[in-house]
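A.B. asks: Going by the working numbering, the letters in the sequence shown line up with residues 7 to 221, in that order.
Worth flagging that the hints you see were computed from the coordinates, not collected in a lab.
Quick caveat, the model's predicted, so the values are computed rather than measured.
Some hints could be false.
The list that follows gives simulated cross-link-like pairs (lysine-lysine, DSSO-like), each with its CA atoms no further than 30 Å apart [claimed, not checked]: (1) 211 to 196; (2) 79 to 128; (3) 128 to 196; (4) 110 to 196; (5) 211 to 74; (6) 211 to 79; (7) 128 to 211; (8) 74 to 128; (9) 196 to 79; (10) 211 to 110; (11) 74 to 110; (12) 110 to 79.
Per label pair, the in silico range of CB-to-CB distance [stated by the list, open to error]: (13) 95 to 196: 45 to 51 Å; (14) 43 to 163: 32 to 38 Å; (15) 31 to 70: 42 to 48 Å; (16) 38 to 207: 46 to 52 Å; (17) 40 to 198: 41 to 47 Å; (18) 98 to 201: 17 to 23 Å; (19) 213 to 40: 33 to 39 Å; (20) 32 to 70: 39 to 45 Å; (21) 219 to 181: 16 to 22 Å; (22) 166 to 77: 26 to 32 Å; (23) 73 to 181: 20 to 26 Å; (24) 70 to 199: 30 to 36 Å; (25) 37 to 155: 29 to 35 Å.
Beta carbons are placed, not taken as given, at the ideal position from N, Cα and C, and that holds for glycine.
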Amino acid sequence: MKAALAFIVPLALSLSPAAAQDSAPVPAAAPAPVPVDYAYVALTTPQGVITLALDRTHAPVTAANFLKYVDGKRLDGATFYRAMHLDWGDEPAGLLQGGLQGVKVLPPIAHEPTSVTGLSHKAGTISMARFAPGSATADFTIMIGDLTSLDAQPDSDNPDTRAGFAAFGHVVAGMDVVMALWNAPLSPTKGEGVMRGQILEPPIKIISARRTTAP
7 MKAALAFIVP LALSLSPAAA QDSAPVPAAA PAPVPVDYAY VALTTPQGVI
57 TLALDRTHAP VTAANFLKYV DGKRLDGATF YRAMHLDWGD EPAGLLQGGL
107 QGVKVLPPIA HEPTSVTGLS HKAGTISMAR FAPGSATADF TIMIGDLTSL
157 DAQPDSDNPD TRAGFAAFGH VVAGMDVVMA LWNAPLSPTK GEGVMRGQIL
207 EPPIKIISAR RTTAP
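Produce the complete structure using the sequences and hints provided.
C.D. replies: Encoded structure:
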């Protein structure tokens with residue numbers, strides 16, 4: 007019996023690290039990412055089609071508002087009218103702006119800041135144009151490059167900067183079309199204030215805006 011015990015104890019000791027390893031608690035798996043519910047929209051222009059993925063999971067209010075304009079065919083005949091070119095940061099830098107410019111718009115929507123949605127103004131992001139937070143209706147911008155200065159800055163003393171702009175999706179196809187529109191001719195005299203010299207001449211029509219499938 008002593009001989010048997012003498013064998014078992016060293017064997018148990020030799021196995022104990024592996025046994026301890028096997029019995030150690032397994033770290034909890036990271037939660038699976040929540041699938042994003044995208045709605046896809048095709049904006050047809052004379053230069054080609056821009057396909058957008060609207061994020062209904064993270065920016066439900068803003069995405070639903072844009073889809074109301076699409077489903078009501080309110081964006082048919084709207085225009086891209088502004089191309090902002092920035093001479094700082096990584097090039098190309100700036101944004102392309104389009105919409106109805108206050109004509110036949112629906113009531114303004116609640117502001118969804120990026121500090122809540124978790125989205126950011128990266129290249130290709132679509133975001134709502136607005137005056138004060140909570141005044142956005144139908145006009146929107148598409149980022150040419152990363153422009154994260156438009157994200158909400160919760161620690162800012164400026165209420166407008168603190169709110170930022172409401173990103174709600176991104177371009178999934180047709181960024182070359184966006185670039186062609188952004189590089190279209192500009193009027194040297196049209197536009198007021200900071201928008202002077204940023205107005206497309208002529209504006210470029212959105213022939214149609216329709217729901218579509220993922221590219």
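A.B. asks: All hints are to be evaluated individually against the structure, with a verdict given for each.
C.D. replies: Outcome of the hint check:
1. 211 to 196: holds (18 Å)
2. 79 to 128: Within the cut-off at roughly 28 Å; holds.
3. 128 to 196: Answer holds: residue 128 to residue 196 is near 28 Å, not above 30 Å.
4. 110 to 196: Answer holds: residue 110 to residue 196 is near 23 Å, not above 30 Å.
5. 211 to 74: holds (19 Å)
6. 211 to 79: Between residue 211 and residue 79 the Cα gap is close to 14 Å, so the pair holds against 30 Å.
7. 128 to 211: Roughly 25 Å between the alpha carbons, so the hint for residue 128 and residue 211 holds.
8. 74 to 128: Holds. Residue 74 to residue 128 sits at ~25 Å (cutoff 30 Å).
9. 196 to 79: holds (28 Å)
10. 211 to 110: Roughly 16 Å between the alpha carbons, so the hint for residue 211 and residue 110 holds.
11. 74 to 110: Measuring from Cα to Cα gives roughly 13 Å; hence the hint holds.
12. 110 to 79: holds (11 Å)
13. 95 to 196: 45 to 51 Å: Between residue 95 and residue 196, where Cβ atoms are some 25 Å apart, the hint is violated.
14. 43 to 163: 32 to 38 Å: holds (36 Å)
15. 31 to 70: 42 to 48 Å: holds (44 Å)
16. 38 to 207: 46 to 52 Å: Since residue 38 and residue 207 have Cβ atoms about 49 Å apart, the given range 46 to 52 Å holds.
17. 40 to 198: 41 to 47 Å: Holds, at about 43 Å.
18. 98 to 201: 17 to 23 Å: holds (19 Å)
19. 213 to 40: 33 to 39 Å: The hint (33 to 39 Å, Cβ to Cβ) holds, given that residue 213 and residue 40 are roughly 35 Å apart.
20. 32 to 70: 39 to 45 Å: Holds - the Cβ-Cβ distance for residue 32 and residue 70, about 41 Å, lies within 39 to 45 Å.
21. 219 to 181: 16 to 22 Å: Holds, at about 18 Å.
22. 166 to 77: 26 to 32 Å: Because 31 Å falls inside the window, the suggested range holds.
23. 73 to 181: 20 to 26 Å: Since residue 73 and residue 181 have Cβ atoms about 21 Å apart, the given range 20 to 26 Å holds.
24. 70 to 199: 30 to 36 Å: holds (31 Å)
25. 37 to 155: 29 to 35 Å: The hint (29 to 35 Å, Cβ to Cβ) holds, given that residue 37 and residue 155 are roughly 31 Å apart.
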